[in-house]
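Peer 1: The lines below spell out each chain.
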Amino acid sequence: MHVMSRLRIRGFATFAPSLSAISLILLFLVMTCSQRANALPAFARKYGLRCSACHESWPMLNYFGQKFKDNGYQLMNDRDAPIWQNPGYWPVTFRITPIWHRVSTGKVLVDTYTAGSTTPTGSAVQRVTTSGFDLSGLDFHTGGTLYKNISFYLLPSSDPTGAFHFETVMARLDNLWGSPWLNVKLGKFELDNLLSEKRILTLTGNGGIYQLYHFIPQGDGNIFGQMGDNQLGLEVMGHNYNDRSRYSAAILSSNDGTTQLPYGNSYTGFFTASQAFDAGRAGVQRIGGYAMVGEAPTTWLTQTGPNGTLPLPGGGIGNKPFSREGFVGLFYFGQHADLTVVTQHGEDNVWFGQGYGDLIDGVATGNNTTGTTLPAGARSPVWNGVLFEPHYVYSPQLIFIGRYETIRMAQQSTPGTPQSLGNISTYTIAMRYNPFMTSRAGFAWHNEYNWLHQDGVGPSLGLNTTNVNTSEFLTGFDFDF
Amino acid sequence: MRTRLRKSMLLLGVAAFFALPLASWAQVSTEQLQQWLNLPTSTSHIGNITGHAKAAAPEYRRFCVGCHGDLGDGNGEVAQWLDPPMYPKPRDFQLGVFKCRSTPTGTLPTDEDLFDTIARGLDRSSMPQWSNLTKVERADLVAWIKHFSPRWQNEKPGTPITIPPEPEVTPERIKAGREVFARVSCWKCHGVQGMANGPSAATLTDDLGRPIAPFDFTSGARPKCGDTDRDIYRIFMTGLDGTPMPSFADTIKPDEAWDLVFYLRTFMPQKSKEKELAKQLNLKPVDPNAPAGQQ
Chain A
-6 MHVMSRLRIR GFATFAPSLS AISLILLFLV MTCSQRANAL PAFARKYGLR
44 CSACHESWPM LNYFGQKFKD NGYQLMNDRD APIWQNPGYW PVTFRITPIW
94 HRVSTGKVLV DTYTAGSTTP TGSAVQRVTT SGFDLSGLDF HTGGTLYKNI
144 SFYLLPSSDP TGAFHFETVM ARLDNLWGSP WLNVKLGKFE LDNLLSEKRI
194 LTLTGNGGIY QLYHFIPQGD GNIFGQMGDN QLGLEVMGHN YNDRSRYSAA
244 ILSSNDGTTQ LPYGNSYTGF FTASQAFDAG RAGVQRIGGY AMVGEAPTTW
294 LTQTGPNGTL PLPGGGIGNK PFSREGFVGL FYFGQHADLT VVTQHGEDNV
344 WFGQGYGDLI DGVATGNNTT GTTLPAGARS PVWNGVLFEP HYVYSPQLIF
394 IGRYETIRMA QQSTPGTPQS LGNISTYTIA MRYNPFMTSR AGFAWHNEYN
444 WLHQDGVGPS LGLNTTNVNT SEFLTGFDFD F
Chain B
23 MRTRLRKSML LLGVAAFFAL PLASWAQVST EQLQQWLNLP TSTSHIGNIT
73 GHAKAAAPEY RRFCVGCHGD LGDGNGEVAQ WLDPPMYPKP RDFQLGVFKC
123 RSTPTGTLPT DEDLFDTIAR GLDRSSMPQW SNLTKVERAD LVAWIKHFSP
173 RWQNEKPGTP ITIPPEPEVT PERIKAGREV FARVSCWKCH GVQGMANGPS
223 AATLTDDLGR PIAPFDFTSG ARPKCGDTDR DIYRIFMTGL DGTPMPSFAD
273 TIKPDEAWDL VFYLRTFMPQ KSKEKELAKQ LNLKPVDPNA PAGQQ
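For the protein sequence lines, the chains are A and B, in the order given. Taking my numbering, I'd label the letters of the first sequence as residues -6 to 474. Taking my numbering, I'd label the letters of the second sequence as residues 23 to 317.
Worth double-checking, as some hints may not be accurate.
Stated by the list, open to error - Calculated from the model, a selection of chain A residues having no Cβ within reach of chain B, i.e. all distances over 10 Å:
#	residue
1	41
2	234
3	388
4	413
Stated by the list, open to error - Partial list, computed: chain A residues near chain B (C-beta under 10 Å):
#	residue
5	56
6	61
7	72
8	77
9	79
10	95
11	124
12	237
13	362
14	366
15	389
16	393
As the list claims (entries may be wrong) - Here chain A is said to cover these stretches of chain B; the calculated rule only asks that three of the stretch's residues, wherever they fall, bring their Cβ under 8 Å from a Cβ of chain A:
#	region
17	86 to 93
18	104 to 114
Treat the hints as calculated values from the structure; they're not laboratory data. We put the beta carbon where it would ideally sit given N, CA and C, even for glycine.
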């Protein structure tokens, strides 16, 4: 009898053992499907190294992988230029993740109906839970070297519906004048975050990003300080030969990575510096800091037409400042355990705090035109956050991940606003199992649970609290080739 | 007819009887490796750091096994894709034969030699520089490498050769180096201009019969076993075991070896005093047909 039919016929008492059996069968299938794959991840295929050489657990880099990246995706073995590759070599990797997930969101505002009515008669707050099979977007990673010491990365990426955008497009001049201290990158790229969100080990909606990298206070109109988003600009970075010391400085358009200059003339700087230490058998320990300092428009030239008065693309003026800064620590405790810590202190100009900023996408709620004044007592929103991410690496093929992030408002922009409005706490636990480890393809059976709590962001409707809790469980196959 | 077949089968059986033990002697078993792992020889000593083979198991599995294989025999999964001479095959640690040594030819390298090789990597191969592993991690890997070969159980490493202080570069020394280059026939493999195009270059194989290319001094690449003058001196005097590059310790004197270092520098594209002097001397490539001593 078919397994699913049996599940339907039997009662709940027999459901749990059946579920265990299915899990075991699934585990068995995953563990026995360990033959070599035929497809080819770009860098591992080029150099013949296993995924585990560069990745703590794919896709998160270890310190050898970080050095490889800092060298411009080069091993510096005099065989980095594409001229040394077989002409059939094409540096491309595809990544996609089919999943099953269950998402549960508390305090969602829904319409209510009285008996016999076909139109809503009121509103209520309730938890909405949904589950089912799903897909991630598709990433086309292509990168490597165009010539010795000239590297590139191109990443067209789609959302789950197949709508594509350019996530990364960059070329980099490496080791200028023979020195690893001078590398110049131009294009759209991930900021030099020591804890890379693009190499995050978790996949759920809220756990698949670092909240710290995207936090925006409630009512704030500044989208430009999201250091987790790839940005357009120019980066100068350097490091010593064994990558223990490294720095980077980038000048970015304040447009959150959006092309075609929709936001006017404003720039942001992003700076990092870090130093690693040799801690014997414990591994390489790294500490560093980062700062993002920029300005972005709060005033928009407008144009009135058939659709009303709209902000003029490229017409952003009235630039106001914002900043994010913090410390990063990457600590290893031997061959199996490591911990990453990131802190952040963030501040937006009061105009952003009062809802001015990105009017193009409708995030901002007002236009700082002539004569506009701030409410009495309005001030800059300020917040602090911290992230802890421990890993237990049983082997390069099996990793357990945990994460706790919290962000606390230190100062609300509008006096009288509850201090905790917008605060976030989130926990994530995950397990990734790679049944094989070759230089040819990557495959992980991924399991993850995320729980996120945010203060004051739900509808009130007479409730004492408007805090919202969201949770998600996800299981799926994350693969690339 | 049937008798002849029976005899052939018998001979084949006898041959197999003797051949099988030989084959198993040549290959190291996992049981042996496990035993050797617990021997005192499965440690390394780099300065005041002691490396332990057992501690390196996860590192080896993470970084090395893809090329060098579980048994250290150089038959990792990617070995099949490496095509010499463009990409040399991974080292077979079971043989206990290493190119980069400070010890005389035919002897085992010191722990420091292996430690330095791991950090330096081997240019023009898939062996990267592992310099950003911690020193203890590298020392552990040295101990791990040693546990693969029975040589480490039976032999001690050679005594590092003595390298005399580097003399001053002079035009005379460069000219003398040119003489040595001709006399010991470096040009046969490396070519008269150091471009790796000597008459023997295309025929070279390593000890396992795999094609191997001589070093092209004009390419700007780093010599595999280090790019300082002392490193190049050491290569002449120790040879690169397992390759056609012999040791010249018995053929050339230490002073002549320095002369040769200076002459080889004139081939390299990097700016150097030797290159300047060679330009002033208007030095011509050696003539393979010139009588001995008349270059």
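Peer 1: Interface hint check: residue 389 (chain A), Cβ to nearest Cβ on chain B, cutoff 10 Å. Holds or violated?
Peer 2: Holds - the Cβ of residue 389 (chain A) comes within 10 Å of chain B, reaching about 5 Å at its closest.
Peer 1: Going by Cβ atoms only, is residue 393 (chain A) closer than 10 Å to chain B?
Peer 2: Violated, because the Cβ-Cβ distance from residue 393 (chain A) to chain B comes to roughly 16 Å (cut-off 10 Å).
Peer 1: Beyond 10 Å from every chain B Cβ: check whether that's true for residue 413 (chain A).
Peer 2: With a cut-off of 10 Å, residue 413 (chain A) remains clear of chain B, as the shortest Cβ separation is near 43 Å.
Peer 1: Can the hint on residue 124 (chain A) be confirmed by a CB-to-CB distance to chain B that is less than 10 Å?
Peer 2: 37 Å, violated
Peer 1: Can we keep the residue 366 (chain A) interface hint, with Cβ of chain B closer than 10 Å?
Peer 2: 55 Å, violated
Peer 1: State whether the coverage of the region 104 to 114 of chain B by chain A holds or is violated, taking the criterion as 3 or more residues with Cβ-Cβ distances under 8 Å.
Peer 2: holds (count 3)
Peer 1: Verify the interface restraint on residue 61 (chain A): the C-beta must sit less than 10 Å from at least one C-beta of chain B.
Peer 2: 8 Å, holds
Peer 1: Test the statement that residue 41 (chain A) is away from the interface with chain B: the closest C-beta pair must be farther apart than 10 Å.
Peer 2: About 4 Å separates residue 41 (chain A) from the closest Cβ of chain B, which leaves it inside 10 Å; violated.
Peer 1: So, residue 79 (chain A) near chain B? Judge it on the closest CB pair being under 10 Å.
Peer 2: 9 Å, holds
Peer 1: Identify whether the interface hint at residue 72 (chain A) stands, where standing means a beta carbon of chain B within less than 10 Å of its own.
Peer 2: 6 Å, holds
Peer 1: Classify the hint on residue 362 (chain A) as holds or violated, based on whether any CB of chain B lies nearer than 10 Å to its CB.
Peer 2: Nearest chain B Cβ about 54 Å off; hint violated.
Peer 1: Tell me if residue 56 (chain A) is really an interface residue toward chain B, meaning its C-beta lies closer than 10 Å to one of theirs.
Peer 2: 6 Å, holds
When the structure is compared with the earlier hints, violations turn up for hints 1, 2, 3, 10, 11, 13, 14 and 16 and for no others.
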